[in-house]
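J.: Here the UniProt record's numbering is used: position 33 in the sequence shown is 33, and no number is missing along the way.
Worth flagging that the hints you see were computed from the coordinates, not collected in a lab. Note that this is a predicted model, so its numbers are computed, not measured. One should not assume that every hint holds.
[To be verified] Pairs of lysine-lysine, DSS-like flavour, derived with a Cα cap of 27 Å: (1) K62 x K40; (2) K41 x K59; (3) K35 x K59.
[Claimed, not checked] FRET-style restraints, in silico, Cβ to Cβ: (4) G80 x N17: 33 to 39 Å; (5) R22 x Q54: 17 to 23 Å; (6) P78 x K40: 25 to 31 Å; (7) E37 x P78: 17 to 23 Å; (8) G80 x Q21: 18 to 24 Å.
Even glycine gets a Cβ: it sits at the ideal position worked out from N, Cα and C.
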Amino acid sequence: MDYRYYIMTLRMNIDCNGCYQRIRRALHQMQELEKYEIDKKQGRVSVYGAFSPQDVTIKIRKRTNRRVEILEVREAPPPGERDGAGHTP
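All chains, full assembly: derive it from the sequences and hints.
T.: What follows is the structure, given as structure tokens:
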């Protein structure tokens, strides 16, 4: 299946370092993700890669046993592609 590249922001309950480690480990094992960022204070997780947003959300919820809420999903250009920024003909 050919997935598009997305940037997705999720809200999760990150109470302690154990919760943080569990989320980090689950994200690290997901091969469809190219980058991820966990903001412990805000309880937000941002992921980037070629994936289906619903599938990734379900996988994260199952692997961490935590409630996951999608805050934002944006389409992103594939790596190496830009919107022409800095390009001079």
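J.: Now look at each hint and say whether the structure bears it out.
T.: Hint-by-hint comparison with the structure:
no. : hint                  : in the structure
1   : K62 x K40             : 20 Å, holds
2   : K41 x K59             : 23 Å, holds
3   : K35 x K59             : 16 Å, holds
4   : G80 x N17: 33 to 39 Å : 35 Å, holds
5   : R22 x Q54: 17 to 23 Å : 21 Å, holds
6   : P78 x K40: 25 to 31 Å : 29 Å, holds
7   : E37 x P78: 17 to 23 Å : 19 Å, holds
8   : G80 x Q21: 18 to 24 Å : 32 Å, violated
Violated hints amount to a single one, hint 8; each of the other numbered hints is respected by the structure.
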